[in-house]
Amino acid sequence: MNREEFFSRVRDATAAGRAYRIHTADVTGERVGYAGAADDPAARLIEEVNKVGGTAHRAKSHREARNVLAALLRECRPASALCWQHAVLERLGLCELLAELGVRYLAYDELAALDPAMAQKRMLEAEIGISSVTYAVAETGTLAVASATGRERSASLLPPVHVAVVEADQILADLFDLFDALETAGLDRLSSNLTLITGPSKTGDIELTLTTGVHGPGRWHVIVIAPIVPERSER
Amino acid sequence: MADATLHGALARLADTLASTHRAAYAALHESDRLRERARAIKDATLAELDRHLATLEESVKRRGGHVHFAADAADARELIGDIIHRAGGGTRIVKSKSMTTEEIHLNAALEARGWQVVETDFGEYILQVAGERPSHLVAPAVHLTVGQVAEILSTRSDTPLPADAAQLAAFARRQLRDRFAEADVGITGANFAVAETGTIVLVSNEGNARLTVTLPRVHIALMGMEKVIPRLSDLPVFLKVLARAATGQKLSIYTSLVTGPRQPGELDGPEEFHLVVLDNGRSRILGGPLRESLFCIRCGACLNACPIYRHVGGHAYGGVYAGPIGAVLTPLYDGLAANHHLPHASSLCGACQAACPVKIQIPQMLVKLREMLHAEPGELSRREAIVYRLWAALLRRPGAYRAATYLATRTIGRLAPSGWLRRVPGLGRWTRSRDFPAPATERFRDWWRREGRA
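Protein chains in written order, with my numbering: chain A, 1 to 235; chain B, 236 to 689.
The following block holds chain B by itself, in its conformation from the complex (with noise of 0.2 Å):
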């Protein structure tokens, strides 16, 4: 929170965005019905789910690529990794930026088999360079400077790197290059997945995506089951709100789809192509009151709507997804226990939801999940209870509190003359991404005595 950097970049990234975005939805044509077309879609095709993904299947085996089902995070893992494995040689793997990778914690398992990862978004490979986390759905490394960026790649450099985007750029394009050049497997996200022709769609900026597409002999998507449209007709009208949304562009500068491996006499793009479909809690959220959250289309418009998300950042609150459908998503997928902050972290603006472009009602499920928490409490909320109990009983005993206070502002309050606490005792997970309030170095009432109006 003090981290004037973060602070700064993510105020300018939210006001960019979600100025851009508001204008591209206002020239867009007709866009609240486009937006309505587009979750009108989502929900007649989860209504149908089971379908459209054996079409799928279908349809990629048809085009002669291969397809996995996977029911959670180890089980994909696993998968993967054999698929690599099989592919011989595979050792060196190239990824273009995928959230669904980083929920089943890809890279680490991965490497753990002695491979290679390299990310190659260019915000992501900075991070990967400087043992980062993402800060923000689309824009990654915003929470770094030009100088800090300049640090952090000039330690793959045998010259200091100047703090200039653009060398900055041209030096990752060069060493990424090689290591495009060099891989055997290529794994992507999916944005979207055609059932009809077994297309998958990618959607980047950068041209990574492409690369990752073209260059190496073995392509493995990975899906989120949720991923998946029925037409190709469907297509264009998710496309037309994605990019609005995301970045305020008509539409992004690469979209590919990719409809199986390379055909025959062609001299480029994968010989192998591999679609692993991921459950991973999706299956529980289809059959709930929360269904709705498999609508998003991860665009990070709400992020950058959020009052709130704009000034704490995506590394406050833990979890993959961030933001407001983060605070959603996050505990679906990852437990509600571990993850039983984040639905309380909202004021229920309604923001995020004005700006999403399929119109997830974002406050209404955020609700939702503090109910499903007060009806089942985990080990983190008894603990919680416990020091509420004994906030209580200082409370109800004037002394007490008063020589408590007394203690904790000579104490704790003057060591920490920040105002902030880097680390507190029993709070050790709370603390790790966050600071906490200090006392202060008196206390109201000293100072109420001393200004001699008592």
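So here's chain A without its partners, still in its complex pose (with noise of 0.2 Å):
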């Protein structure tokens, strides 16, 4: 069948379910299941990552922050680890971090560079995945995170542990913010691949035990930096 004869069936049937159509309460334009955050944005957002069964962090400053990351990358020891290029990681001072620890830092012109399969390669072997968000959800415990060039998507995916660094100005109330937002940053702007992540990789598939790391990330760190830095950070 082709396209013109698909859509003139669907036409004629779409006409006549109007016949059937449900009457239901009138809440067009209403904000309905609104449930926002409190006074305390990331204090929010820290709860709820815990409760999902990420490990929350709660740092005052990027040093503070750095101490964090270093802490876990002493205790992962990873040899390489896949990060995205971000005005946040740059804050914290990430690259000279990896070189003082020795991690093999994977770097997005070398991997550009590289034969497709090869850079792939390497991304499926990164240990780590380091990766700002951006944008984060207070009152669900979700990081937004959204491809684009130096921001690739295998890094909260490929890696057994994935870290992610919020500043205070990247978290939104509810998820109607996060889809405000997006709105207001323009729909055609919307990137080829945006990720709502809300906990560590789960399965409950062998008799409802609940399971870690099946396929993503088994490890899931998020490092909060509140109360909120002066400079405005990039989105």
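Just so you know, the hints here were simulated from the structure itself, not pulled from any lab data. Some hints here could point you the wrong way.
[What the hints assert, rightly or not] Each pair of labels, with its calculated beta carbon distance range:
id: 1; chain 1: A; residue 1: GLU5; chain 2: B; residue 2: ALA639; range: 55 to 63 Å
id: 2; chain 1: A; residue 1: LEU114; chain 2: B; residue 2: THR251; range: 42 to 50 Å
id: 3; chain 1: B; residue 1: ALA398; chain 2: A; residue 2: ARG77; range: 26 to 34 Å
id: 4; chain 1: A; residue 1: ALA71; chain 2: B; residue 2: ALA589; range: 22 to 30 Å
id: 5; chain 1: B; residue 1: GLY570; chain 2: A; residue 2: ALA38; range: 48 to 56 Å
id: 6; chain 1: B; residue 1: ALA398; chain 2: A; residue 2: ARG21; range: 46 to 54 Å
[Stated by the list, open to error] Example chain A residues on the side facing chain B (calculated, C-beta under 8 Å, incomplete):
id: 7; residue: ARG11
id: 8; residue: TYR20
id: 9; residue: ARG21
id: 10; residue: HIS57
id: 11; residue: SER61
id: 12; residue: HIS62
id: 13; residue: GLU96
id: 14; residue: MET118
id: 15; residue: ALA119
id: 16; residue: LEU124
id: 17; residue: ARG189
id: 18; residue: SER192
id: 19; residue: GLY204
id: 20; residue: THR209
Here a beta-carbon is modelled for each residue, glycine too, at the ideal position from N, C-alpha and C.
Mind assembling these two chains? They're in different frames, but the hints should get you there.
This is the structure we're talking about:
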């Protein structure tokens, strides 16, 4: 069947189906189900991240966040790290930190210059992924990560450990706020992949026993830098 | 039914999921009005479905993707086969869990063309290795014990695997990573498709859907045409109810919004994106009294709420879609005559409707289907009519009835000490996935006489 026949059948069915419309309470236009995050979105984000099986750390400054990250790296001892290029990570001095600890930094330029199959191999080998976020949602404990050049989707997906560094002004209260922000940024600028992450990779497929890390990262760390830093972070 | 593992697992799953989802609804701000809102969006969308599908097509194309329309299952299988063929190589395919690909029996068709198809959802992978069908919408391998899973996966391992869920998951992770890394094509379903942006939405807890749209060069998404929603701002309404209804989570672990292929400069993600939009009987439903069944967002809440399904499981009644909504959808997609038993396998208690995140009036629809069955009796119901006529004739002749029950108890009854028959001549299709109760070893009247009460 070609496209025109398909559409003509759907058009007829759509018209016929209007006779069977249901009556619902009119809640259009209202913001039903908005929960928000009370006064301290950073505290709420931390609480919710811990609830869904992640480990949240609160840091008062970038220096403190850097120390938390250093401790995690010393514990995991990864050979190589797949990292985002992001202003938040630059402010943290991520490259220097990795060099200090002898962790190989998989730089975007280096990966992009490789044969695609070899670049994929390198990314699959990475033992830790370090990213910031595009936004975070406090009420659900969610990190929104949008793909872009130098912000690969693999960083939060392939390695067994994912660490995300979040600045306070990246935190939104409710899921509805996230979709408002996307709308404001412009729908035609939506990334090819935007993933909302709410916990470490989980399965209950065997006898409902909760098991983490079956496909994605089994360990999920979120470092929240709050109170708000003076300079505006890049989105 | 006599399978204690399945019975225990289903009851536990239903208890866990039903109670967590009740708690999740209770904790959700204005949950009832939010569900009403989700329902209203579905209703309004279906009232303009052709227009929204055209917008979706335009948006996907604008972002460099391709859109294909499939009238039925055969059409969709052929379209997908052609895309894979054109993509070249294409002999290695990974899939993340999708009921719609099951609906069109995609795997068998692709394997018939000599291609390797790997299911990557942990539960589905176990079943694929075992050669079984899923028994639950969100927990497909729930009927297997950890010991059985260890035996199944050990067939793919050099050394026997221990009966430990974490170690079995780690084994599957390693096996499946290799499959992902070598795959040319990734196939997914779609939980939602946003018309105005051309975005398809994939929800999962394990991350296999993410891997499927990150590593292979080509991504093919198959969606039922009713999955479209008009605006991106409609999505949070559904996301807020979907995971709560399915598993009691606020959000599933991963919700991916996929908008076209990778952009220039990006190092991962597919280079080619194809969206296949499937009708397969949906337009027939859309124009009729069962239109509301198209609201279903496949969360599985009705399965966990259903007192019958909790006891017998998803295999007992056949069909791709299990449980209460499956009893509505399977006859509609797969033919009423072939699935005439499904609308009758319900006590119409209404627990499913109460659990549904879009408040589908499932009991009403089952009654409607029963009416439709009476209007057009199928082949099987004619055979049933003959059986009932014989039964009635027997009941009218007491001598013949006494002789027949004497014979049945002394022969079949004593040959099946378990009380269940695995196979009954003439009922081959019925007993393929069920047991038939055997006659008792003696008649009631014999027992009564023996007890000296007559």
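Evaluation of the provided hints:
1. A:GLU5 x B:ALA639: 55 to 63 Å: About 56 Å separates the Cβ atoms of GLU5 (chain A) and ALA639 (chain B), which means 55 to 63 Å holds.
2. A:LEU114 x B:THR251: 42 to 50 Å: 46 Å, holds
3. B:ALA398 x A:ARG77: 26 to 34 Å: 31 Å, holds
4. A:ALA71 x B:ALA589: 22 to 30 Å: 49 Å, violated
5. B:GLY570 x A:ALA38: 48 to 56 Å: 53 Å, holds
6. B:ALA398 x A:ARG21: 46 to 54 Å: 53 Å, holds
7. ARG11: For ARG11 (chain A), the interface hint holds, since the closest Cβ of chain B sits about 4 Å away, which is under 8 Å.
8. TYR20: With Cβ-Cβ at 5 Å, under 8 Å, it holds.
9. ARG21: 6 Å, holds
10. HIS57: 20 Å, violated
11. SER61: 30 Å, violated
12. HIS62: 27 Å, violated
13. GLU96: Violated, about 23 Å.
14. MET118: At 11 Å from the nearest chain B Cβ, MET118 (chain A) fails the 8 Å test, so the hint is violated.
15. ALA119: 6 Å, holds
16. LEU124: 6 Å, holds
17. ARG189: 10 Å, violated
18. SER192: Since chain B brings a Cβ to about 5 Å from SER192 (chain A), closer than 8 Å, the hint holds.
19. GLY204: 7 Å, holds
20. THR209: Hint holds; THR209 (chain A) Cβ to chain B Cβ min 4 Å, cut 8 Å.
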